[in-house]
Amino acid sequence: MSTNVAYYIPHKATWPVIATAGLVTMLAGFANYLNGSSIGPTLMVVGLVIFIVMLAGWFTLQSGESESGMYNTQVGISYRMGMMWFIFSEIMFFAVFFGTLYYTRNLSVPWLGGEGTGAATKELLWPTFEATWPTNGPKGLGVDASGARTFGAEFEPMGAWGLPFLNTLILLTSGVTCTWAHHGLLAKNRDQLIKGLIATVALGFTFVAFQAFEYHEAYTEMGLTLGSGIYGSTFFMLTGFHGFHVCIGAIILSVVLFRSTRGHFKPENHFAFEAAAWYWHFVDVVWLGLFVFVYLM
Amino acid sequence: MSAVTAEHVDHHDDHDHGPAKGLLRWVITTNHKDIGTLYLVFALAMFFVGGIMAMIIRAELFEPGLQFVQPQFFNSMTTMHALVMVFGAVMPAFVGLANWMIPMMIGAPDMALPRMNNMSFWLLVSGVLLLASTLFMEGGSPAAGWTLYPPLVLQTGNALPFAVFSVHLLGISSIMGAINIIATIFNMRAPGMTLMKMPLFVWTWLITGFLLIAIMPVFAGAVTMLLTDKFFGTSFFDAAGGGDPILYQHIFWFFGHPEVYVMILPTFGVASTIIPVFARKPLFGYSSMVYATASIAFLSFIVWAHHMFTVGMPVAGELYFMYATMLIAIPTGVKVFNWTATMWKGSLTFETPMLFSIAFVVLFTMGGFTGLMMSIAPSDFQYHDTYFIVAHFHYTLVPASVFILMAAGYYWLPKWTGHMYNEKIGQLHFWLSAVSVNILFFPQHFLGLAGMPRRIPDYAVQFADWNMISSIGGFIFGASQLLFLYIVIDTIRGGTGEKVTDEVWEDAHKHGLEWTLPSPPPYHTFTTPPTVIPTEHI
Numbered sequence: 001m002s003t004n005v006a007y008y009i010p011h012k013a014t015w016p017v018i019a020t021a022g023l024v025t026m027l028a029g030f031a032n033y034l035n036g037s038s039i040g041p042t043l044m045v046v047g048l049v050i051f052i053v054m055l056a057g058w059f060t061l062q063s064g065e066s067e068s069g070m071y072n073t074q075v076g077i078s079y080r081m082g083m084m085w086f087i088f089s090e091i092m093f094f095a096v097f098f099g100t101l102y103y104t105r106n107l108s109v110p111w112l113g114g115e116g117t118g119a120a121t122k123e124l125l126w127p128t129f130e131a132t133w134p135t136n137g138p139k140g141l142g143v144d145a146s147g148a149r150t151f152g153a154e155f156e157p158m159g160a161w162g163l164p165f166l167n168t169l170i171l172l173t174s175g176v177t178c179t180w181a182h183h184g185l186l187a188k189n190r191d192q193l194i195k196g197l198i199a200t201v202a203l204g205f206t207f208v209a210f211q212a213f214e215y216h217e218a219y220t221e222m223g224l225t226l227g228s229g230i231y232g233s234t235f236f237m238l239t240g241f242h243g244f245h246v247c248i249g250a251i252i253l254s255v256v257l258f259r260s261t262r263g264h265f266k267p268e269n270h271f272a273f274e275a276a277a278w279y280w281h282f283v284d285v286v287w288l289g290l291f292v293f294v295y296l297m
Numbered sequence: 001m002s003a004v005t006a007e008h009v010d011h012h013d014d015h016d017h018g019p020a021k022g023l024l025r026w027v028i029t030t031n032h033k034d035i036g037t038l039y040l041v042f043a044l045a046m047f048f049v050g051g052i053m054a055m056i057i058r059a060e061l062f063e064p065g066l067q068f069v070q071p072q073f074f075n076s077m078t079t080m081h082a083l084v085m086v087f088g089a090v091m092p093a094f095v096g097l098a099n100w101m102i103p104m105m106i107g108a109p110d111m112a113l114p115r116m117n118n119m120s121f122w123l124l125v126s127g128v129l130l131l132a133s134t135l136f137m138e139g140g141s142p143a144a145g146w147t148l149y150p151p152l153v154l155q156t157g158n159a160l161p162f163a164v165f166s167v168h169l170l171g172i173s174s175i176m177g178a179i180n181i182i183a184t185i186f187n188m189r190a191p192g193m194t195l196m197k198m199p200l201f202v203w204t205w206l207i208t209g210f211l212l213i214a215i216m217p218v219f220a221g222a223v224t225m226l227l228t229d230k231f232f233g234t235s236f237f238d239a240a241g242g243g244d245p246i247l248y249q250h251i252f253w254f255f256g257h258p259e260v261y262v263m264i265l266p267t268f269g270v271a272s273t274i275i276p277v278f279a280r281k282p283l284f285g286y287s288s289m290v291y292a293t294a295s296i297a298f299l300s301f302i303v304w305a306h307h308m309f310t311v312g313m314p315v316a317g318e319l320y321f322m323y324a325t326m327l328i329a330i331p332t333g334v335k336v337f338n339w340t341a342t343m344w345k346g347s348l349t350f351e352t353p354m355l356f357s358i359a360f361v362v363l364f365t366m367g368g369f370t371g372l373m374m375s376i377a378p379s380d381f382q383y384h385d386t387y388f389i390v391a392h393f394h395y396t397l398v399p400a401s402v403f404i405l406m407a408a409g410y411y412w413l414p415k416w417t418g419h420m421y422n423e424k425i426g427q428l429h430f431w432l433s434a435v436s437v438n439i440l441f442f443p444q445h446f447l448g449l450a451g452m453p454r455r456i457p458d459y460a461v462q463f464a465d466w467n468m469i470s471s472i473g474g475f476i477f478g479a480s481q482l483l484f485l486y487i488v489i490d491t492i493r494g495g496t497g498e499k500v501t502d503e504v505w506e507d508a509h510k511h512g513l514e515w516t517l518p519s520p521p522p523y524h525t526f527t528t529p530p531t532v533i534p535t536e537h538i
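Protein chains in written order, with the working numbering: chain R, 1 to 297; chain A, 1 to 538.
Heads up, some of the hints might be wrong.
[As the list claims (entries may be wrong)] Here are the computed lysine-lysine pairs in the DSSO-like style, where the Cα-Cα straight-line distance is at most 30 Å:
| id | chain 1 | residue 1 | chain 2 | residue 2 |
| --- | --- | --- | --- | --- |
| 1 | A | K510 | A | K424 |
| 2 | A | K424 | A | K281 |
| 3 | R | K139 | A | K21 |
| 4 | A | K197 | A | K510 |
| 5 | A | K21 | R | K12 |
| 6 | R | K266 | R | K188 |
| 7 | R | K266 | R | K12 |
| 8 | R | K122 | A | K230 |
Because the hints were derived from the structure by calculation, they are not lab data.
Kindly produce the complete structure, drawing on both the sequences and the hints.
As structure tokens, then:
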């Protein structure tokens, strides 16, 4: 609820329209590309450039306003609520893919294997199919080196205890370094803040690099691709969207790091740091879910 | 309800407070009233675009046989009509009302996140334009129904990725709008405006905002999987690879059922705001209204598969979803009872907003009862995918959501513009709409019970009579809406010429803060928080 101080209301914003233009250009370009139109990639690059310029501009505007003390406590609360509800929407987005994994593993794959009322269907349609996990389905879907659809393909599922376990340790450590940086901020220890953020960002990008290596292994050595039936689909969709979110989180943290080197943030006023840290912990928790449900089980 | 002390209303500090000059004002505005107006105007435009599509559908169905359009285009029309009406007209109209009214109702200067508010609107416009562009593409626009079920929807031509990205943009827009509304309600209320003093419209939007944030990412995830199934070789919805097309239906309706409540909960809120004013009584059962809204929202998340009774679910699933669905009738019944009890022994007058609201209570209840019929799984096997379901959801959307949007327009236009609308034409608009909407949709119950399937451009001759009557009702209903367009333009341009008072409706100031402000309210309503004084109504 409001207190009796004057309100802060920004006027005449140009960045939101530019952000929208960038997003739409990018997506229209991507759609054109998928339809095989030659203008697609150009549009995507133009949209991306607009979007990056917008991010730089809008971030500069906001951090300038924040540092000049224009935001009162009420604005700070609005921002925090905004970030919390945004993270809630992200949780729901990941819930879709976790739900998909649950549904296919526990319901639809067993049904294909003749469980429940599906016995006759299985006998008629897929008599030789055995419902086990991982699976690439009754037809054994896969793709060959040229990207063409193959049937009866073999693939090797991703193990948990190699790179994925290392990545788990990396992300957990990055959560610790992030909190260490926060303690530095609160204790007005600028050096600790910057070192902690550098470590967090570095660990984040290391995670992404390892993940890229893992994908490369999967595609070249293990026959595991997006086209490897439902296992490949859920594996790459879940880990792929997670990796994408790690990138976003690392970029946000990089902006916070850059601002920290410029002397931004005070112990009592550092919303951007908090938001980035919340996001980072969210990405961390999603990974723990992935490690258990995608890799381990 | 409560009132504000007036001394704060015209108080300005020394920021630059006026709107930008010229058309650019509307592009870069962060003002909740400007953005509310943009949303409302856009929604009205899309209401007519979607309406033209409906007219094409009813013209084709006027007689059996193919008259005007190809079957593929007919199916495009049913699909696009639904998508445009849901995402382009009804939802944006309620977001527009939320933008205009919530800050004024809770004593806030503006929305909590004004820049994001601007972005929500322009993302909405972009999303709808991206969707509309598919009408002119090779292969036509999506024609698999607004539910976009695979595998059928994967046969869409060039339109598919555009439709998917349009859903993404509309989703981001809705989530941003919902976050903004929730942050505004939680963080921007004037001192004294406690949660249980908030107008019902604010309460219903708070809960709707939560629904939107929870479900739009789910729809985005579902269409993303459609995209990867089509273009990147995944097999989420393909049994050959171990997937299941029915999974899409589960995910879609986990989104889709709360989605229909996104359109009806704010409707309830506006009705609960209007009816007490014209009954000259406080709303009956305020707190039970709040709890009923919350219960309906909760139930909306656990009933989704009643849209899929005929899909071949295990019997346990059928039974669970049947009983859970029936539960919704209880909180909804509480609401209908409360509206009726509010009018009981009230000093009723029947201005246009009240007429639309009463019609809403009666006709929405009918739509609710047909919903109850279909919640019974074994009966639903007869009704499923027939015109009965078309009649059911149109009763809950047209004489409910759309009527209440009309009521809201008549109710608040004098406040927004400072001019009074023409009551005679308003009443004519109401009676034409209320009669024709029943001629349009009531016969569709009979068609459905007799077995006429939906989404088919042709039909057996035994369905001819009721289809013709339904189409005639449709044409009258469509034409009547031009009266509303006329009234809106006329009122903005001066209306009856009568200068309206601050409270507009007799004793309206007892019911809501917005009626204690000038008509039209200043560009910036408050610059410091107003003091809220509790009055006799709640």
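So, going through the hints one by one against the coordinates:
The straight-line distance between the Cα atoms of K510(A) and K424(A) is roughly 27 Å, inside the 30 Å bound, and the hint therefore holds. For the hint linking K424(A) to K281(A), the alpha-carbon distance of about 25 Å falls within 30 Å, and the restraint holds. Taken as a hint, the K139(R) and K21(A) pair is broken in the structure, with Cα atoms around 64 Å apart against an allowance of 30 Å. For the given pair, K197(A) sits about 13 Å from K510(A) by alpha-carbon distance, which is consistent with the 30 Å threshold.
With a CA separation close to 11 Å, the supplied pair K21(A) and K12(R) stays within the 30 Å bound. Distance check on the hinted pair: K266(R) and K188(R) sit about 8 Å apart at the alpha-carbon level, within 30 Å; holds. Between K266(R) and K12(R) the alpha-carbon distance is near 28 Å, which keeps this suggested pair within the 30 Å criterion. Distance check on the hinted pair: K122(R) and K230(A) sit about 25 Å apart at the alpha-carbon level, within 30 Å; holds.
Checked against the numbered hints above, the structure violates only hint 3.
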